[in-house]
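Colleague: Take a look at the letters that make up each chain.
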Amino acid sequence: MKVLEFDHVDMDFCSKNKQLKVLDDISFSVEEGEILAITGPSGAGKSTILNLISHLLLPSRGNVSVNGNIGYMFQKDHLFEWKTIYKNILLGLEIQNNVTEENLQAVDRMLKLYGLADFRDNHPKELSGGMRQRVALIRTLAVNPAILLLDEPFASLDYQTKLNVSEDIYKIIRNENKTTIIVSHDISEAIAFADRVMILSERPARIKEIIDIRIDAPTPIKKRQIKVFQVYFEHIWGVLNSE
Amino acid sequence: MNDTCNSYKINRKRKIKLVIYQLTLLFGFLGLWETLAHFKIIDEFVFSSPSAIYRIFIQYFNANQIFNNIWISVYETILGIIIGSIGGILFASILWYSEILTNILRPFLNVLNALPKTALAPIMIIWAGAGVRGIVLVAVSILIVITILSTYSYFSNVEEDKIKMLLSFGATKKQIFTKLIFPSNIGNLATVVKINIGMSWIGVIIGELLVSKAGIGYLIMYGGQIFKLDLVMMGVFILGVCAFLMYVIVDKLEKVIIKKRGEKK
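Just so you know, the protein sequences line up as chains A and B, in that order.
With this note's numbering, the residue at position 155 of the first sequence is 1061, and numbering never jumps.
With this note's numbering, the residue at position 145 of the second sequence is 146, and numbering never jumps.
So that you can see chain A by itself, here it is in the shape it has in the complex:
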């Protein structure tokens, strides 16, 4: 089942009476449970695509159809320091006025499953960067979104933490079977994380290629150790740098 579809989408911005074309004829779709990575040069319009999906922007031409609600995860965890971990996780549910017995049970299940049950009454300061990111993900998953948008979620972490957190987050997403779109300028992260990688051109962004990633390994770190990983890397590197 298609959860998301872009149909010949153009996006123009106006600046100082000049029209600036950011997206040029973007068409793709995402199936339920799939992870799609979007990569490309900076300023290409990756964030614009996310903003279109979350309806913060409307396309200039073409059609964006989204089947279900959206959960957004940012580069920073944006946990509230004055709230406990548990209260932080309930934030989305409280805003949507949806703190039901069923949802609370789902939260409890995730807290236990993802190793945060012992920290529910702690404050964010007492957690490591990786744990904080996990809390942020559970906060997003608590409202049970149909599509998960990850906007450079690991960009602010140091290399080792980044690999570990990416591993953690990947496992959770797969375990919850969430349809996910991850924006990343890091090619190897995109290959290790996604089922398909969409490569954008310089502005105005067109889709250069969408590549199916087939690496026979269960998690990102394992995938990185398999030879074909390098082949994908070189291919994407080539596409990115081609005219």
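I should point out that these hints are in silico values taken from the structure, not numbers from a laboratory.
Fair warning: this is a prediction, and the values are worked out from it, not measured in the lab.
All clues given are correct.
30 Å max Cα-Cα, derived DSSO-like pairs, lysine-lysine:
(1) B:Lys180 to A:Lys989
(2) B:Lys195 to B:Lys174
(3) A:Lys1031 to B:Lys195
(4) A:Lys1077 to B:Lys165
(5) A:Lys1031 to B:Lys260
(6) B:Lys163 to A:Lys989
(7) A:Lys1128 to A:Lys1018
(8) A:Lys1031 to B:Lys174
(9) A:Lys1068 to A:Lys989
Computed far set for chain B versus chain A, every beta-carbon distance over 12 Å:
(10) Phe28
(11) Trp34
(12) Arg56
(13) Gln60
(14) Leu91
(15) Val112
(16) Ser151
(17) Ile196
(18) Ile203
(19) Ala215
(20) Met222
(21) Gln226
Virtual Cβ for every residue (Gly too), placed ideally from N, Cα, C.
Fit chain B to the given chain A structure using the hints.
Modeller: Frame of chain A, contents of chain B only:
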């Protein structure tokens, strides 16, 4: 474990050292003042001296004229702080809520902020009446505009991405305020209130200098009129002690709140 205990000890030592330095500075100053007055290097009639201030304090204390004067000023100051702070923060909240209103009012607020409120104090006392009401009005007028401006600037400086995160959950503007803007600024609001302590005292003393029949400002003005500098200095000292105590109380209150919210361990 040993390490944390050690650092605690070192911290404690450092704190005690600090207090010793501060007390040395204070008593050194008082001692120097007393000595200079004693040896007639400065004129005690004009500059007063710590011992003269102490004598007049005892005299007023025995005549039961200290605490009622302190009390009336403290009462007016606290009223000024509470009304000015709550009013200012409320007003800033409304401004945060309505961008249009902010844009309309911005130039007026800036002008009001620049106006010499102290020069307008006599008029305000005519408007509100001589007495507690007039004096509190002067205090409020001095601190409310700057409270509005600084609180508004704190409110509008909350991280844009945190707001975006709440919006991604579909938060309303009211929810953004109650979940994020206000709670994330508790520490800053405590700072605003601390600054307001001093401002409110300024307003109260000015008001009392103008009209009152009691209060620390009244003592200072009365002392000046009868050229009794000991009385003026006593008023200033009491003022300093009161302002310091209020600051300590608000500071402790702030720490209790922060601890309760678990932001620091």
